[in-house]
Amino acid sequence: MNTNENFENNGNGNGKTYTSGEVTEIVGISSRQLYYWELKGFIKPEEISLGSRRFKKYYMKDIFLLRKVKEYLELGFTLEAIFRKVEPMQIEVENI
-16 MNTNENFENN GNGNGKTYTS GEVTEIVGIS SRQLYYWELK GFIKPEEISL
34 GSRRFKKYYM KDIFLLRKVK EYLELGFTLE AIFRKVEPMQ IEVENI
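When we follow the numbering used here, the leftmost residue of the sequence shown carries the number -16, and every step to the right adds one.
A few of these clues could be false.
Claimed, not checked - Here are the simulated DSS-like pairs of lysine-lysine, each with C-alpha atoms no more than 25 Å apart in a straight line:
no., residue 1, residue 2
1, Lys(-1), Lys53
2, Lys53, Lys68
3, Lys40, Lys27
4, Lys27, Lys39
5, Lys51, Lys40
6, Lys23, Lys68
7, Lys68, Lys27
8, Lys40, Lys(-1)
9, Lys51, Lys23
10, Lys51, Lys27
11, Lys39, Lys53
12, Lys51, Lys68
13, Lys51, Lys39
14, Lys23, Lys39
15, Lys(-1), Lys27
To be verified - What follows is a list of derived Cβ distance ranges for each label pair:
no., residue 1, residue 2, range
16, Thr61, Ser13, 29 to 35 Å
17, Glu57, Gly34, 18 to 24 Å
18, Lys68, Ser35, 16 to 22 Å
19, Phe60, Leu33, 34 to 40 Å
What the hints contain is simulated information worked out from the structure, not anything from laboratory work. The beta-carbon is built from N, C-alpha and C at its ideal position, and this holds for glycine as well.
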């Protein structure tokens, strides 16, 4: 998968969506990490309701940001420092 190509095509929320299971597999994190990082505000997936069930939809822009978070964690940054680093990226990917 060419990440840059997919990001450009799907970055604005149009196009392919991913489930939480697909996101965790692509990024290489656990579902618990994904949920925690959502709570911390790194990404804000779109939520949809089907009857009484609620689902989250993720886009390539979310995967891009999560990969950055993981990369910075592996380099030894704290979550607080990472949030300061990726916060400007959140704005950029929203505008693509």
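Hint-by-hint comparison with the structure:
Of the supplied pair hints, the one linking Lys(-1) and Lys53 holds, its CA atoms being roughly 22 Å apart against a limit of 25 Å. At most 25 Å may separate the alpha-carbon atoms for a hinted pair to count; Lys53 and Lys68 meet this at roughly 12 Å. Distance check on the hinted pair: Lys40 and Lys27 sit about 10 Å apart at the alpha-carbon level, within 25 Å; holds. Between Lys27 and Lys39, the direct Cα distance comes to roughly 9 Å. Compliance with the 25 Å bound is thereby established for this hinted pair.
Distance hint between Lys51 and Lys40 is fulfilled; the C-alpha atoms sit about 19 Å from each other, no more than 25 Å. With a C-alpha separation of about 14 Å, the suggested pairing of Lys23 with Lys68 holds against the 25 Å cut-off. With a CA separation close to 17 Å, the supplied pair Lys68 and Lys27 stays within the 25 Å bound. About 10 Å separates the Cα atoms of Lys40 and Lys(-1), which keeps this hinted pair within 25 Å; it holds.
Under the criterion of a C-alpha separation no larger than 25 Å, the hint pairing Lys51 with Lys23 is consistent with the structure, at around 14 Å. This hinted pair checks out: Lys51 and Lys27 have alpha carbons roughly 15 Å apart, not beyond 25 Å. For the proposed pair Lys39 and Lys53, the alpha carbon gap of about 20 Å is at most 25 Å, so the pair holds. Between the alpha carbons of Lys51 and Lys68 the distance comes to roughly 9 Å, so the proposed pair stays at or under 25 Å and holds.
For the hint linking Lys51 to Lys39, the alpha-carbon distance of about 20 Å falls within 25 Å, and the restraint holds. In summary, the hint linking Lys23 to Lys39 is supported, as the alpha carbons are separated by about 16 Å, within the 25 Å threshold. Using a Cα cut-off of 25 Å, the hinted pair Lys(-1) and Lys27 holds, with the two alpha carbons roughly 16 Å apart. At roughly 19 Å, the beta-carbon separation of Thr61 and Ser13 lies outside the given 29 to 35 Å, and the hint is violated.
The beta-carbon spacing between Glu57 and Gly34, approximately 40 Å, falls outside the hinted interval of 18 to 24 Å. Checked against the given bound of 16 to 22 Å, the beta carbons of Lys68 and Ser35, roughly 38 Å apart, lie outside it. Between Phe60 and Leu33 the C-beta distance comes to about 38 Å, which sits within the given range of 34 to 40 Å.
Hints 16, 17, 18, counting from the list given before, are not met by this structure.
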